[in-house]
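Engineer: One letter stands for each residue in the lines below.
There are 2 protein chains.
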Amino acid sequence: MKKYTNPPKQQWAELMQRPVMNFDEIVPLVQNILDKVKNEGDSALKYYAEKFDNIKLNELRVQSSEFNEALEQIDIDLKDAIKQAAANIEHFHSIQLPKTIKTETTPGVSCWQKALPIQRVGLYIPGGTAPLFSTVLMLAIPARIAQCQQVVLCTPPDKNGKIHPAILYVAKLTGVTEVYKTGGAQAIAAMAYGTESVPKVDKIFGPGNQYVTTAKQLVMGKSVAIDMPAGPSEVMVIVDKNTPAKYAASDLLSQAEHGADSQVILLSDSPEKLDEIEKETLAQLEKLPRKEFAAKSLANSRLISFTSKKEAVEFMNGYAPEHLILAVEKPEEWSEHVTQAGSVFMGYYTPESAGDYASGTNHTLPTNGWANAYSGVNMDSFLKKITFQQISKEGLKNLGPAIEKMAAAEQLDAHKNAVSVRLEDL
Amino acid sequence: MKKYTNPPKQQWAELMQRPVMNFDEIVPLVQNILDKVKNEGDSALKYYAEKFDNIKLNELRVQSSEFNEALEQIDIDLKDAIKQAAANIEHFHSIQLPKTIKTETTPGVSCWQKALPIQRVGLYIPGGTAPLFSTVLMLAIPARIAQCQQVVLCTPPDKNGKIHPAILYVAKLTGVTEVYKTGGAQAIAAMAYGTESVPKVDKIFGPGNQYVTTAKQLVMGKSVAIDMPAGPSEVMVIVDKNTPAKYAASDLLSQAEHGADSQVILLSDSPEKLDEIEKETLAQLEKLPRKEFAAKSLANSRLISFTSKKEAVEFMNGYAPEHLILAVEKPEEWSEHVTQAGSVFMGYYTPESAGDYASGTNHTLPTNGWANAYSGVNMDSFLKKITFQQISKEGLKNLGPAIEKMAAAEQLDAHKNAVSVRLEDL
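Chains as they are written, first to last, in my numbering: chain A, -1 to 424; chain B, -1 to 424.
Please note that the accuracy of each hint is not assured.
Because identical chains cannot be distinguished in the list, a pair is counted as satisfied if it fits within a single copy or across any two copies.
Said to hold, decoys possible - Okay, derived cross-link-like pairs now, DMTMM-like style, lysine to aspartate or glutamate, Cα gap no bigger than 25 angstroms in a straight line:
(1) K36 / E70
(2) K97 / E23
(3) K81 / E408
(4) K0 / E48
(5) K34 / E327
(6) K1 / D40
(7) K220 / D22
(8) K391 / E278
The hints are simulated quantities; they were obtained by calculation from the structure and are not laboratory data.
From a predicted model like this one, the values you see are computed outputs, not experimental measurements.
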């Protein structure tokens, strides 16, 4: 772990540097996959299932019998835990549902804004040994609250052609309308263009590896919208002198275990605290099953002490962390200064994993400094806000002359005329 | 103008087709401009000002003396019209400002969502003969309400190195913090990367030609966020038997005058009404100064009659128009069925130009069918919504076991451990 004491400002850019993600070299490969799926549909998806997932599929869509099997394979304690988490996520997202906003801006000129669901959304859930069913909760619950008509989920099958039962259980629980056995760039292509089996969607959500990320980057703003740009996960932990080192260490490790490119930053007001937390982190690391991942990430971690709180705050916002843990006694003294972060965890008893799973906030958050311009997934992500206006005769008499004047100044005579032909009847 | 009566569904895709925008061939040219500005900064901007705008600039930033001059050049009636529009836009956007949403999802588990301004925003305003000062109103007013710290505006200078006074007047009025004389792809590059003079921003807004659009597409999700994908402007007008033909014709023409690729669609319940409106449109066209633009657009316009209202509604939503004018006697009988549109104009006395300039709604709207997933510019466009959570000891006792169970099932032991090390102290 790398330690720094009061680093000078000219060093900050380097300390805030994210892992470089340059996927340029896989672009042609991914573009080929996108084109093949666009042109050949289901048969291309089956071709890639055989090639990448080692399974010959007859049917891409998960059948009801498979959902029923999955239901029986999940133990009751896990079901209860999932239901508790689902209820919290439902609660926190439901209260975000926007109301119609209506006003009269000028007598006779009514304007309103109404939120309507995006009709068809696609959720991508990665495969692999650890089934990310928590991401299904985080994406499918707000889609259901928004009343999206079609919620499509794609995830790669295992080598027996099966989807992990926890994913199917949660998909059923949260109202996903259909699940398809396809992964990687080909799944993104399927949802972006549609195939015989997989419907085209309006917006794609969810995390993925470099192929998925590249595919999302290539289709976004062309055939489909996406949730947000992707990057490796990251945490910034801020501690004070009383923060139990074992809490801070466990938070750093829960980020580090995601993978070698996960980023871990700790801020403190004393170099001694950094030493204490480093020691504890390395001790806890030894006991972790995924310690080889975590060790690589920790090797690039940065533990920084700032004597000046003002500088620490500036560094915190400049980094714009995806996850910000304020593991301090008075977290509100820090949170009031937060201007850029994905999600903020306050106090000694609020680990990031609470938000990752069960507190109710969303865990799909902006990485890579994108917290400067993007929100994490929230109800807005599944809605469009449409404006409406209705003008009475009286209203047009009040507002029309201003419109005519402005349109004329912009040399748009037909715009002016649309008002004039009406005003001459009034 | 092309007319259709009850077109069969297999023809709909063709009737909903947007003008093809393929800018692939200018990508290398635009990429060169981006690279040159990234590497050479101000000197590249001055180079392109000389090359494309025919002006040798010493200073890129507009000086206070230039704002003062502009103030004197705008006549009082236009100032009053602009102020009336600004007040309405301010009113309608202010009421959209989201409040902090807070709840307790589980006893001891508090979660909230707070909106904070995007700190640095960049507005691009095209140059040319018609100064689009109305777009300055539409972008700078919500930026000011959001309290964005830095509002940068770039617009190309004329051949005398001047910016149109109406643009400078509105920029000053709406609190734009700085204006730079640079246009095209080079302006987008300046705001995406920053130069010695022009600050890097977090998000770029605004319309532009194919070079600007391509530049925005190339930088988005890489170094900066953008407002939305671009496409030619479009309107769909729905009429009934009593709609005065001159109103509908004036609405079609106010869209058509934007340019040859503007799209104009009219829906009616009778073929006779289409004939009547066509006749009136061609008569009004003759009197327009920009009739050569409008005529080209009209040549591709589609006037369609549907006997079935159900089919008309399906066509309306399938097209997902940027502007939807419900020029009918009972517009609420249509508006209640709207699921995809940018902005909706209701009744005989609500022309699109009201929303283009002065009613209060925003005129930066999703084109090209993107109303299926994007909202027009609104207060959300200038904000990030950050989530916060604070868990008490009691809260962690209530929620911790569910988190441990789920983390274990995802094989993320360090995530589980972050809860366990805390629970063992409680």
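Engineer: For every hint, state whether the structure bears it out.
Structural biologist: Taking the hints in turn, this is what the structure says about them:
Taking identical chains as interchangeable, the C-alpha atoms of K36 and E70 are never at most 25 angstroms apart, the minima being 37 angstroms within one chain and 58 angstroms between chains. Taking the closest pair of Cα atoms, K97 and E23 never come within 25 angstroms of each other, the shortest separation being 46 angstroms inside a single copy and 44 angstroms across copies. Taking the shortest Cα distances, K81 and E408 sit within 25 angstroms of each other only across copies (16 angstroms), while inside one copy they are farther apart (58 angstroms). For the identical chains of this complex, K0 and E48 are neighbours neither inside a copy (44 angstroms) nor across copies (49 angstroms), given an alpha-carbon limit of 25 angstroms.
For a Cα distance limit of 25 angstroms, the shortest separation of K34 from E327 qualifies neither inside one copy, at 56 angstroms, nor across copies, at 49 angstroms. With identical chains, the CA atoms of K1 and D40 are never at most 25 angstroms apart, being 52 angstroms at best within one copy and 37 angstroms at best between copies. Within a single copy, K220 and D22 get their C-alpha atoms as close as 18 angstroms, and across copies as close as 12 angstroms, so both meet the 25 angstroms cut-off. For a Cα distance limit of 25 angstroms, the shortest separation of K391 from E278 across copies, 22 angstroms, qualifies, whereas the shortest one inside one copy, 74 angstroms, does not.
Going through the hint list in order, the structure does not satisfy hints 1, 2, 4, 5 and 6.
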